[in-house]
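Protein chains in written order, with full-length UniProt numbering: chain A, 1 to 755; chain B, 1 to 122.
Don't read these hints as lab results, they were simulated from the structure. Hints are not guaranteed to be accurate.
To be verified - In the BS3-like style, the derived pairs of lysine-lysine whose C-alpha atoms are separated by at most 27 angstroms in a straight line are:
1. A:K690 / A:K639
2. A:K541 / A:K63
3. A:K451 / A:K440
4. A:K20 / A:K137
5. B:K28 / A:K137
6. B:K91 / A:K189
Everything numeric in this text was worked out from a predicted model, so none of it was measured.
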Amino acid sequence: MSLDAILKDESTKNFRSLLKVVILLTIAGAAISSRLFSVIRFESIIHEFDPWFNFRATKYLVKNGFYGFWDWFDDRTWHPLGRVTGGTLYPGLMVTSGVIYHILRFLTFPVDIRNICVLLAPGFSGLTALATYLFTKEMKDEAAGLLAAAFIGIAPGYISRSVAGSYDNEAIAIFLLMFTFYLWIKALKLGSAYWGALCALFYFYMVAAWGGYVFITNMIPLHAFVLILMGRFSPRLYVSYTSWYALGTLGSMQIPFVGFLPIRSSEHMAALGVFGLLQIVAFVDYVRSQVPSKQFQKLLWVFLVVAFMVSSAALVGLTVSGTIAPWTGRFYSLWDTGYAKIHIPIIASVSEHQPTAWPAFFFDLSMLIWLFPAGIYMLFQNLADEHVFVIIYGIMASYFAGVMVRLMLTLTPVVCVAAAIALSNIFDNYLTLHRPDAEKVAAEIAAEEKKAAEEPKKTEKKEDANVLNAVKNPEIGIFSTTSKVTVVGMFAIYLFLFVLHCTWVTSNAYSSPSVVLASRLPDGSQHIIDDYREAYYWLRKNTPEDAKIMSWWDYGYQIGGMADRTTLVDNNTWNNTHIATVGKAMASREEVAYPILRQHDVDYVLVIFGGLLGYSGDDINKFLWMIRIAEGVWPDEIKERDFFTSRGEYRVDDGATDTMKNSLMYKMSFYNYHTMFPPGQAQDRVRGVKLPAVGPTLNILEEAFTSENWIVRIYKVKDLDKLGRDHASAVAFESGKKKRKSKLGKNKVRKLRVV
Amino acid sequence: MAPSKTVAPANASAANVLSSVVNSYIDKTPQRTKLIDAFLGFLVLTGVLQFVYCVVAGNYPFNAFLAGFSATVGQFVLTVSLRMQSNTENKGAFEAVSPERAFADYIFGSLILHFFCINFIN
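Use the sequences and the hints to build the structure in full.
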């Protein structure tokens with residue numbers, strides 16, 4: 001029996017489905033295990049910044065129950081404002097892990113909630129592979145589906161956001177994205193309200209899980225709109241779209257954070273517009289089917305144009321009059337990459353909102369990126385409704401991935417799908433064992449030629465029809481063994497290299513928790529740098545429970561999660577002014593900063609300093625953003641220009657400007673640092689410069705804690721002086737007193753105090 | 001300008017067209033579909049009433065208005081879907097959906113819709 005027979009025969013159907021299940025399970029296993037590098041290398045720990053908040057919220061949910069979580073007012077962040085956490089987050093992620101936790105408890109598996117949180121992302125990546133398989137199967141066939149599942153399972157672009165411990169919304173959102181799209185395609189193909197309603201349910205889950213749901217909100221209407229423009233309106237489109245929109249929109253409004261946005265904000269208006277348009281098109285279509293007349297086609301177009309113009313005028317009118325909220329800043333920055341930097345520095349300051357550098361595409365997608373256009377081209381070849389979807393998705397996602405680094409994540413699935421289609425096309429053509437019968441081919445060619453000779457070219461049209469016939473049923477293909485072996489062998493090597501690349505990238509670039517750092521000792525052994533946790537633990541054990549910690553917002557979630565202390569600002573960044581206040585305190589002179597600290601009840605100030613270790617993600621390097629954000633609110637008091645030398649350099653050594661040297665951040669970072677070195681030899685290893693021989697003095701703060709490698713430095717804010725002096729003179733007096741104390745002895749000092 | 005030009009000749013035969021639409025509707029539509037159409041008419045009426053109430057008396061419990069209005073609109077589109085799926089003329093488009101299946105879909109969709117509405121109405 002030939003291979004083709006085995007693959008297509010009805011009797012081996014069960015065997016084939018078993019094989020498919022095994023392959024899918026293996027892919028899921030590979031996807032999960034390649035995300036476990038960080039757990040094996042370090043430990044089961046939550047990574048980075050945002051996941052710490054999600055983790056804290058999940059713990060709160062498990063402890064206080066769902067309703068307690070819903071009404072959660074968090075007074076331990078954004079001091080003194082607090083945050084209505086229950087109403088300002090996407091609860092999907094926490095609820096998911098909470099449900100898993102309770103199910104496992106019910107099955108008497110006593111699993112720690114932390115481990116569920118750590119392993120949630122890898123677990124869902126297995127499901128993503130499954131969803132991608134289903135999605136691609138709808139596009140081409142099962143072979144392409146399996147390839148796509150394998151690609152998405154190990155593509156670094158997706159791994160970057162879903163390694164073990166990266167407990168973020170994206171962890172489950174990509175699965176939901178792919179599954180919602182799959183359900184949408186299924187609903188569209190079958191024209192079934194059942195699938196449309198399922199699509200709406202998963203859309204609801206997606207809205208509950210990630211702010212990126214807006215991508216779906218605009219992708220599906222765009223697809224529907226393009227289909228209408230292509231003249232492909234069908235009752236199936238109406239059924240699937242309207243059932244999705246009616247249920248999905250109502251569902252999305254159940255999430256308190258989204259609330260009335262779906263009918264108020266511009267981002268959601270496209271969906272509403274297409275919904276209205278579909279009603280009109282369906283109605284006109286119905287009327288036309290009743291009375292077939294050419295007039296109606298004309299009428300239809302007029303009607304559509306008028307309706308479109310009226311509705312867009314209404315949209316503009318409502319936006320201007322303020323009923324509908326205009327586009328949010330993040331969306332403007334999607335269209336104009338320079339927008340954020342000028343108007344909202346806080347968005348531009350986040351590294352993942354930067355435009356993507358081109359090597360990142362090769363780094364994250366490797367060979368898939370050059371198979372991607374080929375796949376799109378092949379989709380154009382038999383352009384069915386569902387293929388239009390992938391093409392639109394590909395175009396939109398490529399643009400967005402170019403604008404923002406983090407949106408590489410939405411590009412990855414479509415690249416995997418398109419690449420799988422291209423590759424499975426290649427394999428279809430090159431792996432076929434079918435060989436045309438040489439005699440038959442010769443006979444056919446002869447017949448063709450005879451026919452052509454008998455009927456000399458009468459009209460151009462005839463010839464066209466002939467050509468078309470020949471194209472329609474050609475005996476073409478690759479039949480020589482050499483070319484088959486060459487091409488298939490080459491692609492096998494590419495695939496092999498792809499796996500190597502993915503594993504290497506995952507292991508080297510995406511598996512570091514960033515809370516714990518790793519370095520290599522000269523002898524090659526691994527050395528763990530655990531300064532963050534050391535410092536947070538110090539805070540937890542040595543400060544009063546209601547102490548307020550001021551730090552830059554990056555560390556807010558970590559302090560809340562690991563040290564359990566109240567913070568002023570955190571990664572939620574909902575209040576720009578509050579963040580700017582912190583930036584101002586950091587960028588000002590001590591005398592200016594002190595009232596700010598007192599007004600906000602700050603007890604401790606925390607800074608990250610990498611100078612000793614050469615850790616480049618420290619606060620001095622982020623300082624410019626603090627200055628810019630503060631300048632946005634107080635342009636008269638903080639000026640970015642003052643922190644640059646006259647030649648426009650950002651320096652921390654002898655040549656630094658006075659403003660820089662007197663800023664609280666500079667002083668806190670370099671305070672006492674020179675004592676680590678022989679006199680005059682102090683060095684900042686991040687900036688690679690030699691520091692002034694005399695370090696800065698601090699009057700309003702005193703050093704409370706410095707971690708082993710000086711990465712985290714904590715300062716205690718001094719109380720008001722008991723004698724009503726300002727801090728500078730008090731410190732001057734103290735240092736003076738010491739000298740006198742040694743000269744005059746204790747008694748005289750006491751006398752002085754009495755006087 | 002362009003629209004008014006094209007509408008004019010259409011208007012001329014508007015009465016003609018309208019009467020032929022009505023006639024063909026009465027002749028060709030099965031009884032069951034007419035029942036669905038009556039329900040659709042009722043839903044449109046309810047929706048218009050709700051909207052008028054919202055404009056006249058204000059939208060104070062906005063949740064409630066929205067839930068009620070979405071229920072009407074959602075039920076309307078679901079019913080239209082049912083009508084399309086059970087229409088024999090559309091048989092070619094809905095190979096996978098038999099009329100019985102369409103009715104099951106309809107109930108499934110309506111259940112979810114009303115669950116969300118009741119949750120939303122407060």
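Against the structure, the hints come out as follows:
1. A:K690 / A:K639: This hinted pair holds, its Cα atoms lying about 26 angstroms apart.
2. A:K541 / A:K63: 22 angstroms, holds
3. A:K451 / A:K440: Measuring from Cα to Cα gives roughly 16 angstroms; hence the hint holds.
4. A:K20 / A:K137: 12 angstroms, holds
5. B:K28 / A:K137: 40 angstroms, violated
6. B:K91 / A:K189: Holds: K91 of chain B and K189 of chain A sit about 14 angstroms apart, inside 27 angstroms.
In terms of the numbered hints stated before, the structure departs from hint 5 and from no other.
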